[in-house]
Amino acid sequence: GAGVSQTPSNKVTEKGKYVELRCDPISGHTALYWYRQSLGQGPEFLIYFQGTGAADDSGLPNDRFFAVRPEGSVSTLKIQRTERGDSAVYLCASSPRGLPRGDTQYFGPGTRLTVL
Amino acid sequence: AQSVAQPEDQVNVAEGNPLTVKCTYSVSGNPYLFWYVQYPNRGLQFLLKYITGDNLVKGSYGFEAEFNKSQTSFHLKKPSALVSDSALYFCAVRDTRSSNTGKLIFGQGTTLQVKP
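First to last, the protein sequences are chains A and B.
Under our numbering, the first residue of the first sequence is numbered 256, with each subsequent residue one higher.
Under our numbering, the first residue of the second sequence is numbered 4, with each subsequent residue one higher.
Extracted from the complex, chain B is given alone in its bound form (with noise of 0.2 Å):
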């Protein structure tokens, strides 16, 4: 079954210290990967996606995250974290098991507290 897993439901870290937000995947075929953030009571913000090349994905705020095929994950990072950062964070695939359909596959979601 295709399917994304968060394994922490909460990350803490300081303010200016990196940041790692974990997530692993399962689908048929290559994967097409995305990171979303969410902030209360506000829609999904699109962070960055990976398709293909590069296994280091550069993308909004200043966020990173490192595709490893062989671990079958998609981490997302951040060298120094700002309290504003602190928000629901979500890891998504496409599903591939068909042609016709456009569906996004969620994990469950991490928070990350970022503490002055």
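Isolated chain A (complex conformation) (with noise of 0.2 Å):
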């Protein structure tokens, strides 16, 4: 079946704009997950989802990030107000269920953004 997937692949944007990332996530995943990776490090978390409401946005680093699913199934990560620091792969990811702890997640390709 489909897996998650991003667009878009590359967003090249230049200081001070604002960005939409959209995910698509897997067929009937109640749970969706937002990390960023900044190049030679781990995914750190930004936000987590279970059906429409944002169970966790601890991750969010500030007030410029914000991310909606509004239906329970596609999800976007909005930036306002872009900065350079915020260049960095953003992935996303669904699972089955979100509470159980061992539900797992499934990323997607990620898009990359690049603040000029």
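Do not rely on the hints blindly, as some may be mistaken.
Beta-carbon label-pair distances, calculated as ranges [unchecked claim]:
(1) Asn20(B) to Leu354(A): 38 to 44 Å
(2) Pro316(A) to Asp57(B): 37 to 43 Å
(3) Pro355(A) to Glu11(B): 30 to 36 Å
(4) Glu69(B) to Gln296(A): 23 to 29 Å
(5) Asp57(B) to Gly271(A): 52 to 58 Å
(6) Asn44(B) to Arg339(A): 19 to 25 Å
(7) Gln296(A) to Leu85(B): 23 to 29 Å
Cβ-to-Cβ under 7 Å is the rule here; a few derived chain A residues that face chain B [what the hints assert, rightly or not]:
(8) Ala286
(9) Gly297
(10) Phe300
(11) Tyr303
(12) Ala310
(13) Gly353
(14) Arg356
(15) Gly357
(16) Thr359
(17) Phe362
(18) Gly363
(19) Pro364
(20) Gly365
The set of hints was computed from the structure by calculation and includes no laboratory data.
Since the model is a prediction, treat every value here as computed from it, not as a measurement.
Beta carbons: idealized from backbone N, C-alpha and C, even for Gly.
Please dock the two separately framed chains into a single complex, following the hints provided.
Written out as structure tokens, the structure reads:
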């Protein structure tokens, strides 16, 4: 079946601009996650959705970052007033149920964001 | 603090030889441990996980991992390495501090280089 998809695969923007990154999870998965991976680092958690609601947004670095999942499927990560330090690969993952701690997260290919 | 450590930045092994990629963790309560592999410009692919039960976990592509509670380790192993196993490997643990989070905490990653 289809895996997690993310669009665009690459995004280049200028400092101060607004960007939106989209994630399509695996069909039927109730949980969705966003992570950020900087060069040479492991992924860092940003936010976790259970259905339509953000159950844990403790990883969002500041109020320029916001994410939504209005219908419990597709999610959009929104970054306002982008800064050069936001440059990274943004990874999306989904899992069947979320709360069981053994639930496996399946990752998409990521969106590489470059802020000039 | 909950954390994962991968003490080796890179592991080099000859094709056909056994390989080990090390991981140690620190978490309160029972650990839920995962291994992922990342190929260049690709997302993370799930290899295997430990939830409970048998300390030796078998996963995809002939990989296995051994959970050792006393040493708080979860080392990834394969009896006979292939050149195609060359990639970046991440160990992760599920955050157990809150029942509402789906957060995975990742190590820094270990580059596996298998030479013909």
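### Query
Broken hints, numbered, in rising order?
Every hint satisfied by this model.
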